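Engineer: Letter by letter, the chains look like this.
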Amino acid sequence: MKSIKIKADNLNVYYGEKQALFDVSMYMEEKQVTALIGPSGCGKSTFIRCLNRMNDVIDICKVQGKIEIDGNNIYAPSMQVEQLRERVGMVFQKPNPFPKSIFENVAYGPRIHGIAENKSDLEEIVVNSLKKAALFDEVKDRLNDAGTGLSGGQQQRLCIARAISVNPDIILMDEPCSALDPIATARIEELMGELKTEYTIIIVTHSMQQAARVSSRTGFFHLGKLVEVDKTETIFSNPSDQRTQDYITGRFG
Amino acid sequence: MGFILISLIILIGIASYFLGNLRAKNLRTSNQKNLKSLSHYYGYYVALWAVVPALLILLMITSFKPFFIEQYVLSDFIALGSYTETELSLLFTQIENTALGIKLFDENTILINGAVNKLNYINKTSENLTYVTVLGLSGLLVLYSLFNINNKLNSRKIVEKFLLVLYFTCSLVAIMTTVGIIFSLLYETLRFFSQVPITDFLFGLNWSPQRVFVREAGDLDTRDLANAFGAVPLFAGTFLIALIAMCVSVPVGLLTAIYMSEYASPKVRDWAKPIIEILAGIPTVVYGFFAALTVAPLVRDIGQGAGLTVSSESALAAGFVMGIMIIPFISSLSDDVIKSVPQSLREGSYAMGATKRETIVKVLLPAALPGIVGSFLLAVSRAIGETMIVVMAAGLNAKLTANPLDAATTITTQIVVILIGDQEFDSPKTQSAFALGLTLFVVTLALNFIALQVVKKYTERYD
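The listed protein sequences derive, respectively, from chains Z and X. 1 is the number of the first residue of the first sequence in our numbering; add one for each residue after it. 1 is the number of the first residue of the second sequence in our numbering; add one for each residue after it.
The shape of chain Z in the complex, shown without the other chains (with noise of 0.2 angstroms):
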């Protein structure tokens, strides 16, 4: 079995009134794909977005429970949100570019965090980091130009290029194909079969042949409940909740 790098111990998530999640615990393995399924609006993104605290923005968010990352409760006191999302990268539905040149939406995180300790070290990071994201070939000659300016596939890339740069343990995705074409997409997933060898990856998909080749665990939401987790091949073989092998055959979400 790998080491444990993600758990989640009975988090409750309430926005004002409305409880979104109930009783989540599970666990995620180092440098491994964990995949997120369910139908829309059972939690699976609220749950995501506890794992780098942005429920933090939203002001009627209320989180319970508790949240380990290498065991250390990221909803600590002590805990510098700012280091916790250095160290927990995220990479959104629709690709969010800065509207600023290629260069700088790279080097964004490493200036904020003063990683790099020259201007040839902060370029060396950028050509890296677009190097790992698949997308250094495609751009090397117009690193200046507006990041605004690539494709959707492309421009996903360079959020992830984004993403790493700070050279985090653990990245989350939130639907990060949903937006883009299926050539894009399979881009992308190859990417992440690249990317599990140095990251932790948590993804949160609709689609359930993505989390099935992707993903080496999956979690199933429902109304948000963790109705199931096991090994991806399990949930979508043999899984052991009635509402998982209704999901996963397509009768309901």
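Think of the hints as simulated: they come from the structure by calculation, not from any bench. Here the structure is a predicted model, which is why all the values come from computation and not from measurement. Please note that a few of the clues may not be correct.
Under the rule of at most 27 angstroms between Cα atoms (straight-line distance), these lysine-lysine pairs were calculated in the DSS-like manner [unchecked claim]:
1) Z:18 to Z:231
2) X:273 to Z:100
3) Z:18 to X:362
4) Z:94 to X:456
5) Z:94 to X:457
6) Z:7 to Z:231
7) X:267 to Z:100
8) Z:18 to Z:140
9) Z:94 to X:356
10) Z:62 to X:356
11) Z:31 to Z:66
12) X:65 to Z:94
13) X:362 to Z:66
14) Z:100 to X:456
15) X:362 to Z:140
16) Z:94 to X:339
17) X:339 to Z:132
Please build the complex by placing chain X on the supplied structure of chain Z, with the hints as guidance.
Structural biologist: Just chain X now, kept in the frame of chain Z:
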């Protein structure tokens, strides 16, 4: 008379709406006629026929009537041929007054008495005639249009077309007004430039139009003409005061906008924003005496305390208060612009581990920059056009100075000074106001145009 008549027309209009509606419904049920539009469109159709031509005729009658009445009443005097235009119009006023029972002169000649009778008679007759014409026309057209309702008539199309014409006319009013203003400005400005060379006006360093007099014969005293209308001191004063105003309003407005859009809780926002916007609603004259009575003495006292010579009316005081006044222009617009930066960019920055400040400075402000610049430009054009504060707090002396503690004057202020009181409208002094107005107009128009272009470029960016 006008009020009753218009009310009557409107009543006819309402009644004819129901008539048209009813007739259309009857036709539909009794003859199984397949009408092209819904019944109420036939109602509107009949009502339009009842109201619109009648109102147009009324408008024509009322605008031409005074002229004809005057001609008719004065016909005896005109026939005498010994009166000039002015005398005739004076006579007519006298006749009107007499008819009202006001007797200012004792020269009640037979002619005037006769004219008074004529006036009373024509007033009465014309009123009756107007009633008959307008109401008669309205009624006839109602009948015509009622009988016109059949299955070939597409009343919906006609109503829509009428509305199109109405909308077009309304927008034409604003456009024609603008065009009219521009042309009257241009006309007077050209007259001014025929007496004072445009280069003297634009590049001259001395502004003292009060030195120009018109001699008795109507000739100009040309000795001082050349260096009386140099507008550079005014441009400089305007620029100086606007600059001071921007120095106050840009930082305050921008920081307010950042606080409102990124930090303030919805509750604080809800009450703070309207209060800030009230600043823009305070009459400028109130700002003016605030500037003159409170800020200017304060500036003077502080300046004197620091050992500086400060005039009691200073560009600094006026610019400062003007800056306060235009804060809401910047804060409101910038707030909207910053808020409209997509949430996904904020999240992207936070997810990289950026703090709020880093997110604002490095992502939000650069993304919103064109819109923010647009708000600055709109604020500048407001500052340049502002008059009252400067009149009250910055003085009227056209002095070429860059010292903010000195008195200064602006284009708008000088226009006020030039046009206050009784003025001859053919002296270059008065006409120079039009030249100044046109200059101001061109500058503000250019600024607004640039601002709108910048804002437009910005709005295209995210979709």
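Engineer: Hints numbered earlier in the text: which of these fail when held up against the supplied structure?
Structural biologist: Hint check: 1, 2, 3, 7, 8, 12, 13, 17 fail, others pass.
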